[in-house]
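Trainee: Given next are the chains, with one letter for each unit.
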Amino acid sequence: MIKREPLVFGNKTYKDVTDDICELVERFPGQKFLIAFFGVKMLFLFYAFILGCIVTVGMGLMGVNHPVAWGTDIITFVFWIGIGHAGTLISAILFLFRQKWRTSIARTAEAMTVFAVMTAGLFPIFHLGRPWLGHWFLPLPNQRGPLWVNFRSPLLWDVFAVSTYAIVSIVFWYIGMIPDLATLRDRAKNKWRKRFYGIFSLGWRGTARSWNHYEMVYMLLAGLSTPLVLSVHSIVSFDFAVAQLPGWHTTIFPPYFVAGAIFSGFGMVVTLMCTVRALVPKFKDYVTINHMEAMNKIIMMTAMMVGYAYASEFFIAWYGGNPYEQYVFSNRAFGPYGWSYWIMITCNVLIPQIFWLKAVRRSIPLMFIISIFVNIGMWFERYVIVVTSLHRDYLPANWGMFHLTFFDFGAIFGSFGMFLFLFLIYIRVLPAISMAEIKPVLFSGKEKGHH
Amino acid sequence: MAKYQQGIAGIWEDEHQMIAAARATREAGYKKFNAISPFPLHGIDEAMGIPRSFIPWVTFVMGLVGCGFGIWFTWWTSTYDWPVIVGGKPMWSMQAFIPIIFELTILFGALSSVAALIFICGLPKINPPTIDPDLTSHKFALFIPSTEVGYDIEKIKKIFNKFDVGEIKETEF
Numbered sequence: 084m085i086k087r088e089p090l091v092f093g094n095k096t097y098k099d100v101t102d103d104i105c106e107l108v109e110r111f112p113g114q115k116f117l118i119a120f121f122g123v124k125m126l127f128l129f130y131a132f133i134l135g136c137i138v139t140v141g142m143g144l145m146g147v148n149h150p151v152a153w154g155t156d157i158i159t160f161v162f163w164i165g166i167g168h169a170g171t172l173i174s175a176i177l178f179l180f181r182q183k184w185r186t187s188i189a190r191t192a193e194a195m196t197v198f199a200v201m202t203a204g205l206f207p208i209f210h211l212g213r214p215w216l217g218h219w220f221l222p223l224p225n226q227r228g229p230l231w232v233n234f235r236s237p238l239l240w241d242v243f244a245v246s247t248y249a250i251v252s253i254v255f256w257y258i259g260m261i262p263d264l265a266t267l268r269d270r271a272k273n274k275w276r277k278r279f280y281g282i283f284s285l286g287w288r289g290t291a292r293s294w295n296h297y298e299m300v301y302m303l304l305a306g307l308s309t310p311l312v313l314s315v316h317s318i319v320s321f322d323f324a325v326a327q328l329p330g331w332h333t334t335i336f337p338p339y340f341v342a343g344a345i346f347s348g349f350g351m352v353v354t355l356m357c358t359v360r361a362l363v364p365k366f367k368d369y370v371t372i373n374h375m376e377a378m379n380k381i382i383m384m385t386a387m388m389v390g391y392a393y394a395s396e397f398f399i400a401w402y403g404g405n406p407y408e409q410y411v412f413s414n415r416a417f418g419p420y421g422w423s424y425w426i427m428i429t430c431n432v433l434i435p436q437i438f439w440l441k442a443v444r445r446s447i448p449l450m451f452i453i454s455i456f457v458n459i460g461m462w463f464e465r466y467v468i469v470v471t472s473l474h475r476d477y478l479p480a481n482w483g484m485f486h487l488t489f490f491d492f493g494a495i496f497g498s499f500g501m502f503l504f505l506f507l508i509y510i511r512v513l514p515a516i517s518m519a520e521i522k523p524v525l526f527s528g529k530e531k532g533h534h
Numbered sequence: 008m009a010k011y012q013q014g015i016a017g018i019w020e021d022e023h024q025m026i027a028a029a030r031a032t033r034e035a036g037y038k039k040f041n042a043i044s045p046f047p048l049h050g051i052d053e054a055m056g057i058p059r060s061f062i063p064w065v066t067f068v069m070g071l072v073g074c075g076f077g078i079w080f081t082w083w084t085s086t087y088d089w090p091v092i093v094g095g096k097p098m099w100s101m102q103a104f105i106p107i108i109f110e111l112t113i114l115f116g117a118l119s120s121v122a123a124l125i126f127i128c129g130l131p132k133i134n135p136p137t138i139d140p141d142l143t144s145h146k147f148a149l150f151i152p153s154t155e156v157g158y159d160i161e162k163i164k165k166i167f168n169k170f171d172v173g174e175i176k177e178t179e180f
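Listed in order, the protein sequences are those of chains D and R. The opening position of the first sequence corresponds to residue 84 in the working numbering, with each subsequent residue numbered one higher. The opening position of the second sequence corresponds to residue 8 in the working numbering, with each subsequent residue numbered one higher.
Worth double-checking, as some hints may not be accurate.
What the hints assert, rightly or not - Result set (DSS-like, lysine-lysine): computed pairs, CA atoms no more than 25 Å apart in a straight line: (1) R:Lys169 <-> R:Lys132; (2) D:Lys274 <-> R:Lys132; (3) D:Lys98 <-> R:Lys176.
Source of the hints: derived by calculation from the structure; they are not laboratory data.
Based on the sequences and whatever the hints tell you, model everything.
Mentor: Quick look at the structure:
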């Protein structure tokens, strides 16, 4: 019989699990955390400064021009939304597939989704030029007619999709946390901690009837989130696919974007998990090397799906005989932005192939480096899609070049400040691993046959 | 739902014994007792006779409501209230409206399921009595309210003791 590996190392009891996970939330942060938090906070303040400049001075500070009218704002928006999708995949899709190993990473992955969507959500607002009119996106009755939004535009489908995704993700994340917040409430010695966790746990006490309904709702949310995550990134891909530009107007975009999103998201999960394991050594028993290896396998699988998408785009451009499509693709690889195309191919298709070697899949330093390359590669994929198709489209008189400004770089790197700021706060205030989900699978893989 | 009851509770450290005790308690004729655990227990629903949750029906109905709302709203704004010709597309652009209708279906379904959960569990409860703080960590309990038909402390203690109970106390829940 094939021996099953234990999901949690160290022969833990239920009480050990509670103590290990709650302890991080209950003790005062140490020096390492404070230094990291200070650095991230400075980056976040820098980001706020950049956004302040863009709002007060105007979009001219960024590199958008004619013909590249969509610049780093939409690239980084799609980048962050894509990262969010891995969290929902781990939480919802792996749950439906009954993959018990998701239990220790699900909550942190879902938190990553919530913060990534929050970070992404600022970009459509700030690239408006008049962000104070951002409420015009919403189909609310108004005194301008009443004028309705353009329901036929994919940019508006994005508003519905991303808002729904944000709301459902936050709700799924929060509902998952209620039993664990009750645990923290019952352990709290300080009056304010007890009150804080008491409020947010809603008075949960864990009766069997409550658990019965709870498990049903968890499964329903997982079942609803699965088509939601697939639809959200498909709708984001429609921003491009519904347009008529060569290189954009292809039906491969929805599955290609979804696979790419899962790819980049798992890259970010691996980066974050390597960091969390290094900073909180106790968590190595819960997010084991086997979990990390499983995630690397998913990275490899989606890397190959994305590579296949690149190849089939190229092939169809040649096979279809459309001269504009053919030009766009040869321009992508050999034109003035060819450097970005080859960075994308190297980072997304070639580098993850190292994961075929088991030793690399199980090496934390190597997987950390590779996951960073994955994220770089996926940002460049969106850069290649947006910039190379816009800068040379049908009419040569319309051709131009696109250059990033200081504010473009500021927005890209600053957004990491916002994301990491939220993430570091979450790690200290909320239970990072789902105790109520780990305890039922604590003994899987043990010889005793405890089920 | 905020009425708390007096009764007797047995606290276990081994969930299998608690589930067996729950089965025995139900067989002894008690119907309204509670089992408390820090995580959902495999087998407790059968032991206690708890039926499958009805919340999926709420999700389904509200999902249909969301779908209907999406269809009505996009149709009304686009064909009736202020029809605008966009790119030569028809007024009722069903294909274009599908993403919006789909998202509204999911949104209504998800939010209504969560609202149903919170309502049916009687949440939020403000400062509810807890039998033992370890029940949200590593211990399991059965609580039988004194208002139960045939409530007999000695009989209950005998049932609990047959399954290696750790502690028995009379408390409020």
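Trainee: Enumerate the violated hints, using their earlier numbering and listing them in ascending order.
Mentor: 1
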